[in-house]
Structure formats: C-alpha cells, structure tokens
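S.K.: Keeping their order, the protein sequence lines are chains A and B.
Numbering follows the working numbering, in which position 88 of the first sequence is assigned residue number 88; successive positions increment by one, without gaps.
Numbering follows the working numbering, in which position 111 of the second sequence is assigned residue number 391; successive positions increment by one, without gaps.
To be clear, the hints were calculated from the coordinates, so they are not data collected in a lab.
Any given hint could turn out to be false.
Covered, in the sense of this in silico footprint (three residues per stretch, anywhere, with C-beta under 8 Å from a C-beta of chain A), are these stretches of chain B [said to hold, decoys possible]:
#1 313–324
#2 351–360
#3 430–440
Note that the Cβ used here is the ideal one computed from N, Cα and C, for glycine as well.
Each chain, written out:
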Amino acid sequence: MLSGSMSTPDRPHIPKEELDHIPGAERSTRIDVWWWLVVLVVGITVLLLFAWPDPFMNIFKFVQDGIVITITVTLVSFVLVLIVGMIGGLGRLSNKRSIYVISTLYVELVRGVPLLVQLIIWYFAVPVMIQSLGKVWNLPSLENFQADPVVMAIIGLVFCYGAYMSEIYRAGIQSIPKGQMEAARSLGMTYFQSMRHVVLPQAVRVILPPIGNEFIALLKDSSLVSVVAVADLTRRGREYASIHFDPIEVWMLVALLYLIMTLFSARVVNWIEKKTKFER
Amino acid sequence: MSEPIISIRGVHKYFGKVHALCGLDLDIYRGEVVVIVGPSGSGKSTLLRCINRLENYDRGKIVVDGIPLDNARNINAVRRDVGMVFQSFNLFSHLTVLDNLMLAQRVVRKRPSTEARQTALALLKKVGIPDKAGAKPAQLSGGQQQRVAIARALAMNPKVMLFDEPTSALDPEMIKEVLEVMLALAAEGMTMAVVSHEMGFTRAAAKRVIFMDEGQILEQASPDVLFSNPQHERTRQFLGKILSH
Numbered sequence: 001m002l003s004g005s006m007s008t009p010d011r012p013h014i015p016k017e018e019l020d021h022i023p024g025a026e027r028s029t030r031i032d033v034w035w036w037l038v039v040l041v042v043g044i045t046v047l048l049l050f051a052w053p054d055p056f057m058n059i060f061k062f063v064q065d066g067i068v069i070t071i072t073v074t075l076v077s078f079v080l081v082l083i084v085g086m087i088g089g090l091g092r093l094s095n096k097r098s099i100y101v102i103s104t105l106y107v108e109l110v111r112g113v114p115l116l117v118q119l120i121i122w123y124f125a126v127p128v129m130i131q132s133l134g135k136v137w138n139l140p141s142l143e144n145f146q147a148d149p150v151v152m153a154i155i156g157l158v159f160c161y162g163a164y165m166s167e168i169y170r171a172g173i174q175s176i177p178k179g180q181m182e183a184a185r186s187l188g189m190t191y192f193q194s195m196r197h198v199v200l201p202q203a204v205r206v207i208l209p210p211i212g213n214e215f216i217a218l219l220k221d222s223s224l225v226s227v228v229a230v231a232d233l234t235r236r237g238r239e240y241a242s243i244h245f246d247p248i249e250v251w252m253l254v255a256l257l258y259l260i261m262t263l264f265s266a267r268v269v270n271w272i273e274k275k276t277k278f279e280r
Numbered sequence: 281m282s283e284p285i286i287s288i289r290g291v292h293k294y295f296g297k298v299h300a301l302c303g304l305d306l307d308i309y310r311g312e313v314v315v316i317v318g319p320s321g322s323g324k325s326t327l328l329r330c331i332n333r334l335e336n337y338d339r340g341k342i343v344v345d346g347i348p349l350d351n352a353r354n355i356n357a358v359r360r361d362v363g364m365v366f367q368s369f370n371l372f373s374h375l376t377v378l379d380n381l382m383l384a385q386r387v388v389r390k391r392p393s394t395e396a397r398q399t400a401l402a403l404l405k406k407v408g409i410p411d412k413a414g415a416k417p418a419q420l421s422g423g424q425q426q427r428v429a430i431a432r433a434l435a436m437n438p439k440v441m442l443f444d445e446p447t448s449a450l451d452p453e454m455i456k457e458v459l460e461v462m463l464a465l466a467a468e469g470m471t472m473a474v475v476s477h478e479m480g481f482t483r484a485a486a487k488r489v490i491f492m493d494e495g496q497i498l499e500q501a502s503p504d505v506l507f508s509n510p511q512h513e514r515t516r517q518f519l520g521k522i523l524s525h
C-alpha cells in the first residue's frame with residue numbers, strides 16, 4: 001500500500017517515521033487491518049479441517065465440486081452482467097424513444113420481481129413455454145428442449161443483475177460532465193467512439209465501488225441457484241447434511257467457505273479502488 | 281468575394297418556448313476572423329454550437345464547406361473539419377496531454393500513431409507548452425489547459441475554428457497567453473468564428489464584428505466602424521458597457 005502512494009513522480013518523498021505522526025497515515029491503516037480478518041477466517045477454517053477431519057474434512061471433500069460451480073457461475077454471470085449492464089445503461093440514456101422505453105421497462109420490471117422467483121421462472125416455466133411453442137409451430141428441436149440447469153441459472157442471474165447494473169452504468173455515465181462528450185463529438189468522433197474512448201473510461205472509475213459491491217452480492221445470491229438443480233456449494237451442503245444428519249457442522253463450514261470468498265473479494269475490490277484513485 | 285465557407289440561412293432555434301435564434305442569416309468567408317459579441321442570452325454561443333451541430337436547430341439551413349448539416353454522416357464530416365474550443369476547456373481528464381491530442385487523430389483521421397504523435401508534439405510546441413506532453417490536464421493551469429484544447433482542435437487540421445468564450449474562465453494573466461495563440465492563428469489565415477468580449481483581440485484580429493441581440497444579428501461591421509459609430513441604440517448601450525473598461 002505504501003508504494004502505491006509513492007508512484008507519482010512529483011509526490012515528495014516522506015520518511016516513514018514522519019508518516020507515523022500524520023493522522024490517518026499510521027502504519028496500521030496503511031497495511032489495511034481488514035486483511036487480518038481474511039487471515040483469521042481462513043485460519044479458523046483450516047483449523048477445523050485438520051483438527052477435526054471427521055466430519056469437517058469429509059464435508060469439505062464432498063462440497064468442493066460445489067465451490068467450483070459457485071465460483072464458475074459467479075464469474076461467468078458477472079462478466080455477462082457487465083456487458084448487459086452497459087447495454088442497458090446506454091439504453092436508459094438513449095435519445096431514441098423506443099430504446100429508452102424498452103430498457104426502462106426491463107430495468108423497472110426486473111427490479112420488482114424477487115431473484116428467487118425469476119430463477120424459478122427461468123428453470124421451470126421458460127422450458128415448458130419453449131416446448132409448447134415447439135408443439136404449436138411443429139418444430140421438434142423446440143419440442144424436445146431440455147433446460148440445462150447451469151445455463152438457465154446463469155441466464156437468470158444475468159437477467160436480474162443486469163438490470164441493477166444498468167442503473168449503476170447510467171449513474172456513472174451521467175456523472176461525467178457533458179462537455180467531455182461534446183468535445184469528443186466536436187472532434188468528429190461518433191457517439192460510440194466518444195463513449196468508448198472518452199466517457200466510459202472515466203465512468204468506470206466512478207462506478208468501480210458499486211460494481212465491486214454487485215460482485216459480492218452476486219456471489220452470495222448465487223446460492224439461490226441451488227433451488228433450480230444446480231449443484232453449487234449450498235446444494236452440496238444440503239445434500240451432505242441430509243445424508244449424515246449433522247446440520248451444525250455442515251452449515252458452519254459452508255458459511256465459513258462463503259465468508260472466505262466474500263471477504264477476499266471485498267479486499268480485492270478495495271485494493272483496485274485504491275489503485276485507481278491515485279490516477280485521477 | 282469567393283464562396284463562403286460557412287453559410288447560415290434562416291436558422292431558428294427554440295429552447296422550449298424561448299426563441300433563441302430568430303431566422304438568422306450569416307456568411308463567413310475563407311480566412312476571415314469573425315467576432316460575435318452581444319449580451320448574455322442573445323444566442324451567440326447557440327449560433328456557434330449550431331455551426332457544428334452540437335446544438336440542433338429547428339428550421340433553416342447551414343452549409344459548411346459545401347456540406348449541408350442534415351444527416352449524421354454529413355455532421356461527422358463537418359465536425360472533422362471544424363475545430364471547437366470551449367469556455368471550460370473540456371480536456372479529456374483521464375488522458376495525458378499527448379493522448380488528448382492523439383485520440384481523435386487516430387480514431388477519426390486513422391493516422392498511424394507515430395504520425396499522430398509528431399503532429400501532437402509539433403502543436404504543443406506551437407502553443408508554447410512542449411514540456412507538458414506527459415502531464416494530466418488537472419496538473420495544468422487554466423491557460424495551459426485552454427492552449428492544449430486549441431492544439432487538440434488544430435491536430436485535426438481544421439478548415440474553420442470556433443471559439444466559444446475561450447478566455448471567460450481564465451485569470452487575467454492567463455488570458456494573454458491564450459489570446460497570443462489565437463492571434464498567431466489568425467495571422468496564419470485560419471478562418472475563425474469567435475464568441476468573445478476581448479476587445480483587444482477583436483481590434484487586432486477581427487475582420488468583422490457581429491452584434492447579436494435577442495436571437496438576431498442587429499448589425500455587423502469592421503471593428504473600427506462598429507466601435508466608433510454603432511448604428512443601433514442597443515449596440516451603443518452594450519458597447520458603452522464593455523468598452524468603458
């Protein structure tokens with residue numbers, strides 16, 4: 001952290017001893033105490049795993065493929081959410097009335113329905129809809145449509161989180177002074193060139209903190225996909241608990257595993273924020 | 281005189297119910313420096329912003345260098361050749377000075393990066409800040425920022441330069457350095473339309489002064505004629521206020 005603040009060449013070099021006397025620049029704040037929380041939670045988890053391998057190591061071995069699924073679903077969804085959110089955010093700012101109305105309807109409707117309900121619709125209702133359409137139009141490929149749980153779960157998460165992300169993008173773009181767009185346009189750049197090279201790079205810096213929050217929220221909400229037949233961390237935990245009847249140990253470990261992932265993500269987000277702040 | 285490079289015919293512009301431009305006609309010729317003066321709210325900036333269609337107008341016709349401003353393709357073509365300098369500089373704050381000057385050259389003119397860099401560095405030298413190429417806009421003074429903004433517009437090799445109150449946001453000391461760059465540009469024969477109340481610059485560089493009031497051109501003449509012998513009472517009142525100090 002210390003080296004980060006020294007990267008700008010014209011910043012005067014301040015000796016460490018002097019920094020310790022400046023409020024807010026004490027070594028403890030610079031090291032970022034919250035990393036210790038990550039270390040602590042990881043430590044407790046490792047202790048449980050090795051001090052009491054039965055049942056904790058057994059549980060861990062059983063749910064570890066679920067961790068992979070949780071991380072995969074979260075990362076894939078998040079990348080898609082970033083893209084959908086950008087399109088939605090630009091749509092919400094469009095001068096074209098039809099685009100504005102469609103993107104506004106999307107945002108307002110999706111934000112008003114619980115994520116769990118949306119996931120259930122995507123996995124249980126949409127495939128039936130597709131199958132009946134296939135029957136009506138006499139298309140065997142649609143009639144025999146089988147929904148893949150992971151794919152439908154990712155679609156559901158992206159559809160829902162994309163709406164929230166649209167609003168974040170919209171706010172970020174609106175926070176950039178109009179003159180930036182005007183200057184770019186006056187140089188002959190098209191709307192999209194101006195967005196890509198001038199407005200979005202500045203907006204992204206503004207919206208980095210809320211985007212980070214969305215990532216962590218998405219990581220936690222990915223546990224909801226366990227109800228639509230995706231074998232994620234939560235579902236694997238439930239399966240183990242129903243076989244061995246030890247809910248306390250199972251859910252304690254599952255909670256700790258989620259905690260490790262979210263705390264670690266929060267630290268990474270925080271670190272990225274600090275990095276980009278110095279460039280402004 | 282030859283064909284005008286900018287031809288404005290019967291342009292009307294409304295902001296809601298406010299009639300900002302009331303059927304304006306104006307021709308600007310190649311190599312001419314035109315200064316537009318008038319009280320605030322008279323439509324000077326709106327007129328200027330209509331020339332590169334940053335502002336839409338409701339009726340009338342504007343033709344720039346033979347290209348009518350009537351569809352997106354034409355508007356972008358006109359903007360490539362018409363540089364604009366803003367009151368608030370509007371430098372791209374996330375880019376270095378050099379990248380500010382190179383961006384549109386590369387994206388719009390498709391110049392290779394080495395060529396764009398050479399053009400940029402030459403222009404920075406011309407506006408007197410060759411040593412600031414690597415700086416971010418926030419590290420520059422207002423006068424330096426405005427000179428970078430002028431260089432950024434010049435990097436596109438514009439045929440016309442529009443200046444929208446380029447010195448209004450500057451300290452008196454910095455006004456001079458910007459006006460010097462503008463004077464040099466005028467001396468090179470650049471076609472310029474300037475909204476400004478800098479009388480020194482106007483006297484030295486302007487071929488024509490246009491006085492606008494309430495969305496109309498009330499009168500226009502060379503600076504000497506207009507300043508010493510205004511025809512309208514309204515012009516006299518206005519000039520009395522700005523020439524007295």
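S.K.: Indicate, hint by hint, whether the structure satisfies it.
M.R.: We went through each hint and held it up to the structure:
Here the region 313–324 of chain B counts 0 residues with a CB under 8 Å from a CB of chain A, which misses the bar of 3, and the coverage is violated. For the region 351–360 of chain B, the stated coverage by chain A holds: 4 residues have a C-beta nearer than 8 Å to a C-beta of that chain, and at least 3 were required. Given as covered by chain A, the region 430–440 of chain B passes the check, having 3 residues with a CB less than 8 Å from a CB of that chain where 3 are the minimum.
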